[in-house]
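Top to bottom, those sequences are chains A and B.
With the numbering used here applied, the first sequence covers 1 to 76.
With the numbering used here applied, the second sequence covers 1 to 135.
None of these hints come from the bench; they were simulated from the model.
All of these numbers come straight from a predicted model, not from anything done at the bench.
Glycine is no exception: its CB is placed at the ideal position from the N, C-alpha and C atoms.
Mixed in with the good hints there might be a few duds.
[Claimed, not checked] One side of the interface only, derived from the structure: several residues of chain A facing chain B at Cβ under 8 Å:
#1 Val41
#2 Ser42
#3 Gly49
#4 Trp70
[What the hints assert, rightly or not] Covered stretches of chain A, going by a simulated chain B footprint (3 or more residues, C-beta under 8 Å):
#5 11-24
#6 51-59
#7 62-68
[Stated by the list, open to error] Think about it this way: if two alpha-carbon atoms lie no more than 20 Å apart in a straight line, the pair counts; the simulated SDA-like pairs of lysine to any residue are:
#8 B/Lys131 x B/Phe69
#9 A/Lys10 x A/Val20
#10 A/Lys74 x B/Lys131
#11 B/Lys30 x A/Ala46
#12 A/Lys74 x B/Leu26
#13 B/Lys30 x A/Leu39
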Amino acid sequence: MDVSAPERRKERSIVGLGWVTYGLLNAGLLLRLLGEPLLAVSPSGAAGGLLALSALLQWLAGLGFVVTTWGRVKGR
Amino acid sequence: MPRLSVYLVRTALLHLLVGFGLGGLLLANKGLSFWPALWRLRPAHIELLLVGWTVQLTLGVAYWILPRFRGDRPRGDRRPVWAAYMLLNVGVIALALGPWTARAGELALAGRGAELAAVLLFAWNAWPRVKAAGG
């Protein structure tokens with residue numbers, strides 16, 4: 001099937017966003033992995049900020065997943 | 001994908017987005033302690049992700065891919081699945097909002113009842129479609 005140039009660009013940007021989503025989710029999870037024990041050891045330190053950043057990255061990953069998936073959920 | 005599956009899966013995606021948002025607020029609050037009352041969002045976070053996202057996505061995909069019948073109604077009677085879609089979401093919303101109201105107990109009971117009815121209605125449609133090939 002012949003795919004037009006704008007469609008190819010759109011496909012590439014969706015795939016790119018998929019990779020960004022993957023990176024954000026795993027970066028968020030790693031930050032939580034670091035932040036949770038740090039918060040337990042030192043509640044007044046920077047660990048709270050790590051957890052907040054982790055939360056933001058994971059939510060952005062969720063948003064990225066919804067954006068990349070939404071257009072593929074469609075009727076015939 | 002049938003229209004009903006589109007509704008189920010897209011609504012599930014919305015629940016995922018809101019559920020992740022609430023989870024993010026809870027996690028950020030754990031780190032920065034900016035609003036202690038935020039912990040009351042925890043049941044909503046769990047309900048949205050467990051039932052609103054996971055269960056609803058499963059129902060939407062199952063309605064789409066389970067074996068079909070021959071004839072003009074390949075997926076059987078759609079009405080119980082539409083009712084299941086409505087009841088499941090009413091149930092999730094009732095359970096999510098319950099802790100913020102004065103009638104949390106009643107809303108929890110009604111919400112769980114709606115979710116149970118939704119599952120039974122979905123099974124009513126899906127059960128005859130679950131069969132061995134050629135059976």
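Of the hints stated earlier, which fail here? Going through the list in order, the structure violates hints 1, 2, 5, 10 and 12 and respects the others.
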